[in-house]
Structures are given as C-alpha cells and as structure tokens.
Amino acid sequence: MKNNDLTSLSLTALADGLRRGDFSSRELCEHFLAEIAAKDGEIGAFLTRSCSHALAAADECDRRRARGESPDGALAALFGIPYALKDNICTKGIRTTCASRMLEHFVPPYDATVVTRLSGAGGVLLGKLNMDEFAMGASTEHSALAVTRNPRDLTRVPGGSSGGSAAAVAAGLVPYALGSDTGGSVRNPAAFCGVVGMKPTYGTVSRYGLVAFASSLDQIGPITKNVRDNALVLSALVGRDAHDATSQEHPAPDFCADLDRGVRGLRIGIPSEFFGEDCSRCVRDAVLRAADVLASLGAILVPLSLPSFDVALAAYYVISSAEASSNLSRFDGVRYGHRAADYKDVESLYCRSRGEGFGSEVKRRILAGTLALSVGYYDAYYQKATEARARLREELTTILSTCDIILSPTVPTVAHRFGERQDHAQMLLGDRYTVPANLAGLPALSLPCGTGEDGLPVGMQLMGAPFSEALLYRVAYAYERQTKGGDDYE
Amino acid sequence: MNEHMDIEALARLSRLALTEDEKREFATDLEAMIAFGRTLNKADLSTATCGKNAPTSLRADEPAPSLDRTAIMDMAATSSDGFVTVVRVLSEAEKEASET
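In order, the protein sequence lines correspond to chains X and G.
Going by this note's numbering, the first sequence opens with residue 7, and the numbers climb by one from there.
Going by this note's numbering, the second sequence opens with residue 35, and the numbers climb by one from there.
Think of the hints as simulated: they come from the structure by calculation, not from any bench.
Don't take each hint at face value.
[As the list claims (entries may be wrong)] Straight-line alpha carbon distances no greater than 30 angstroms define the calculated BS3-like cross-link-like pairs of lysine-lysine that follow:
hint : chain 1 : residue 1 : chain 2 : residue 2
1    : X       : LYS45     : X       : LYS98
2    : X       : LYS350    : G       : LYS76
3    : X       : LYS490    : X       : LYS45
4    : X       : LYS45     : G       : LYS57
[As the list claims (entries may be wrong)] So the derived list for chain X, only partly shown, Cβ under 7 angstroms to chain G, looks like this:
hint : residue
5    : TYR116
6    : THR252
7    : GLU255
8    : ALA320
9    : LYS390
10   : GLY425
11   : HIS430
[As the list claims (entries may be wrong)] Each pair of labels, with its calculated beta carbon distance range:
hint : chain 1 : residue 1 : chain 2 : residue 2 : range
12   : G       : THR62     : X       : ARG25     : 24 to 32 angstroms
13   : G       : SER91     : X       : ASP78     : 23 to 31 angstroms
14   : G       : GLU54     : X       : SER407    : 51 to 59 angstroms
15   : X       : ASP28     : G       : ARG103    : 42 to 50 angstroms
16   : G       : THR73     : X       : SER407    : 26 to 34 angstroms
17   : G       : GLU54     : X       : ARG273    : 52 to 60 angstroms
Note that the structure is a prediction, hence the values are computed from the model and not measured.
Think of the CB as a built atom: it goes at the ideal place given N, C-alpha and C, for glycine as much as any other residue.
Just chain X, with the same shape it has in the complex (with noise of 0.2 angstroms):
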C-alpha cells in the first residue's frame, strides 16, 4: 500500500487494515511520523512529538495483536492508530504547555482521563498541538509559542482555540485528534480547514485532566476527516469519571448505530438570527444550500426564532472570563507555572511571575473577569449575564421540543488572514453562532458544506438536545454520504 493511501483512510479502513496485516501499527506510526516530518515545518501544528512514546506503544499494540489480545467492540476502532491532543490535556511524563511561556516546561505527573480512555484502546500518541494560549482565542493566532497556518491556504489562519487539532487532521499529519470547546474551540477550526468538530453535551466527556479554562463550559470533542471516525472517537471517550463530579453516563454511547438511518421527517430548525447581516453571503448560502440537500432527503426545514441570540455573546464573554480568572489564579509561579527571577516579597513574586508568563489575551480576559466578579459590576455584569444564560436554555429547550435539531453556520466567515482581525471585539463576533451551545450545554457538531471565498471552507453547525449526539452524526453523514457518495475516504 502506498503511503499517500495511509494519509486518507479512515479511521474504520485503517482499522481493517490492521486487522488484516495490511500494515503494522509501528509501520502506521512510522508513516505519520514522517508525514509530520515532511509536512509540519509548513502547517506547524505540532508543539511537542513524542516520538519514541510513539513507537513504544505502536509496538506494544503490535505484540498484543500478535498475541490475540486485541480488543473487541467500540474500542477495536481505534487500536495501535494514532492521534495526538491539544496542549491543554495533560499527557504523564510529556509537556503540556496550553501554548503559554507560563507552562513552557510543565510536565504534568498524571494523565487526563480522555488520554488514560485511549490508551485503554491502543491509541498511539504522536504529539500535542498547538492552540490559542490557554485556549483563549479564535485563530490560534494567541499562542505564545508557534504559528499554526491553515492547510487550505498558508496565507490563512487555522481558527481556534484547537487550530493545531484541526490544521493537522486537516493536512494529513494524523488520522484524528482532540480539541477542548468552550465557546467554539472545536467547531470554529473544523469549519476553517473543512473537517468535522464535535462539542459534546456538557458532562459527558470528563474533564479530569483538561487545563480548566471556563470550568461550566469546557467540553473535550473529537476533530476528524469524516463523521463516521467523529462518532467512533467520541464512542472512545464518554462515561462518568470519579475524577470529574459534572460527568455523567451517556444515556446512548453507541454513536454509529443510527449514522444510516437516514433523516425522513426529522425537522430542522432553521433559526433567523444565524443568518443575518453579519454573516457572509458565501457562508450563508452554503449552509441554506445544505438546508436544501437535507430537505430533498426528507427532512422538513422549520423556520424559527432565537431572541436570547443577540445577548448570548456578552452573556459568555462575562462567565468565561469570570471563570478564567479564578481557574487561572494557579498560575502564580509558586503553585503552577513561571516562576520570576526578581521579586521582593510574595505579592511581587506572583505579580511579576503573571506578568511574565501570560500573553496579552489571557491579560485581557483576566482582567475582564475580575472587573465583572468585583463590586459594582457583579449584579450588572455576571448576575445578568447568569440570567441571560438561563433564559437561552430555556428558548432552546423549547425549540428543540419542536425541532429534532438546530441548522446554522458554524462560523460567519471564511477563514481570515493573518493579522486580519486586530480588534478584539470583531474577534469575539467569530464565536456568535457558537457559543449558545455552550451556555446551554447542548451537543452541537460542525461539518463542511461546501466552498466559500476563494474556495476556502464551510462549515455548518447541527445543534441537539442534550445527548442527542448520535442524531447529529445521523443528520451528519446522510449530508456527507449524499454529498460526497459515503464514506469518501473508505
């Protein structure tokens, strides 16, 4: 088999592969640790390789296979192939740097429960990816210590915050990877380098070992080529952890059992304020044309209104940025993190050690965070934005009582420049359509629909009821098979 073949199988096909002695899972290692080689000095999506962790645990699947000791079911699907994480999810004996000179050379003393759950199936870690710093941000253009370009278009970002997750599926570098959500982080990049994201319902990934940025709305999803690996992934992932107090069982883990089904008279809201004057006409009319593809299969089209929409994005700006600043205050260079080499007394040392240590982002956010926490601005500010949380679940369990699932752009926009978007605030409106998932800690998936502005990608965004994953990966892939004739990359 040539190795270009390796790059575009699936998850599913190299698995069969496997199984079959097409390949070994040293020689599927080997193979992506040479595409990184060949590839990532132009992408850089990579921060750490771990390339002789790598190895090791190929040929550790490969004895086990040897031995008939591979394992059956779910976790079949992911054995001796390899991924890699965001640099936020804490890997044992290897760096993890949330992409901050604050956590530069942090070498975490324990993996997180999503690392521990593969490894459990025979994944092969090849690397950490980087990231917006501390995930705060929508292009990975905030990471303090490498530059990620989009596969698409070099001249491009990658979105954010998991642009490296995305960027290196995306290019080939690695058959899957995982990227944490808080208010897009997953979507927003799959939607740029046209792969699918998928940001599970609240609880049911554990957070145990993700470096907490907003502690409410941090979710761990999967970054693939195709819906069919997303569901296998987070198939791999789901469950309750004594770790994480907000985790629960999935009520329907099988995540494949539906994909065929089809979507005859499901009905899918269609909400009027994801399509407004903000949005692109190029990402509009890819997703109204998906809305089309989806309703010639049978599905019926339900216009409807959100009108928490407008306020949904002041409402996360403030309880994320109130969460970072407590989450982060760890980060003083006595507990965690950079320590400064001149300071006079303890205050100086955590003062000078944050100053430091964090980028301009995480400054800002910080700062936000305690404005909005501090006396005077609680009640109009977190108190509000708590309420205005509130009543956006509330108008989305209604909706979804009458929709089946929610139909939207991921993204307004294309995939901007470098440097494009210096304005904080025009940076924030990239998260608009994205972040009511989050608040409301409803399921919601991303998947490309097509080409906009020079060609680049589209996303579209399916959002459900709490855990109904498994029907947005049916609605999903009867999109992709009708769209690109099944599972394209088998």
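For this one, chain X is given, so just place chain G on it according to the hints.
Below, chain G without anything else, positioned relative to chain X:
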C-alpha cells in the same frame, strides 16, 4: 477614580504586573468590554431564573492512592528535605507581632 487608577486597581486584584503600554491598551479594551456587557441590559430577563448548575455526582469519600509523592515534589519550584519551600508571606514586623 480615573481610568488609569481603575486599571491599576484591577491589575492588583488580578495579581498582574502590567507595563505602562499594557495599562493603556487594557484600559481601552475594558471600556469596550463594559460597553459590550451593557448589551445584557437589552434583554428582558425579568422572568428568567438564575439558572441551575450542571448535575454533579461526588465519588465516595474513601481513602485511595494519590499521585506519587516524588513526582509531586519534583514539580515544586523549590524544595528542601521533603518539604516545599515557599517565599515568606509575613514581614518581620508581622512575624514578631504574631509571636507575641
């Protein structure tokens, strides 16, 4: 209180040492953020509840193995004889006062 004082007070609360350039930049940004936050007042939230927290489930309160002690100590910025050494948090005067 003027804007310059505001940003310095906020930086102290946030435990962030900022340069003069950063103070100017962030003061402007925070003004924009305050204006942006005012959009929350556009919504009629009079009947909204304050929202419920996500359901949580605590694990049993039973002894269990913890992380390796050596690995944890290796992460400390400075340590001595099995203890994490920290910067003095009391001044000499405060220390004397606490001992009397």
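Structure-based check of each hint:
1. X:LYS45 with X:LYS98: Given pair LYS45 of chain X, LYS98 of chain X holds - Cα atoms ~27 angstroms apart, limit 30 angstroms.
2. X:LYS350 with G:LYS76: Roughly 47 angstroms between the alpha carbons, so the hint for LYS350 of chain X and LYS76 of chain G is violated.
3. X:LYS490 with X:LYS45: With a Cα-Cα distance of about 26 angstroms, the restraint between LYS490 of chain X and LYS45 of chain X holds, given a limit of 30 angstroms.
4. X:LYS45 with G:LYS57: violated, 40 angstroms
5. TYR116: For TYR116 of chain X, the interface hint holds, since the closest Cβ of chain G sits about 6 angstroms away, which is under 7 angstroms.
6. THR252: Holds - the Cβ of THR252 of chain X comes within 7 angstroms of chain G, reaching about 5 angstroms at its closest.
7. GLU255: violated, 10 angstroms
8. ALA320: Status holds, d = 5 angstroms.
9. LYS390: holds, 4 angstroms
10. GLY425: Hint violated; GLY425 of chain X Cβ to chain G Cβ min 17 angstroms, cut 7 angstroms.
11. HIS430: Given a least distance of 6 angstroms, the restraint on HIS430 of chain X holds.
12. G:THR62 with X:ARG25: 24 to 32 angstroms: violated, 59 angstroms
13. G:SER91 with X:ASP78: 23 to 31 angstroms: holds, 29 angstroms
14. G:GLU54 with X:SER407: 51 to 59 angstroms: For GLU54 of chain G and SER407 of chain X the Cβ distance comes to about 54 angstroms; the hint holds.
15. X:ASP28 with G:ARG103: 42 to 50 angstroms: Since the Cβ atoms of ASP28 of chain X and ARG103 of chain G sit about 46 angstroms apart, the hinted range of 42 to 50 angstroms holds.
16. G:THR73 with X:SER407: 26 to 34 angstroms: Check passed, 28 angstroms falls within 26 to 34 angstroms.
17. G:GLU54 with X:ARG273: 52 to 60 angstroms: holds, 57 angstroms
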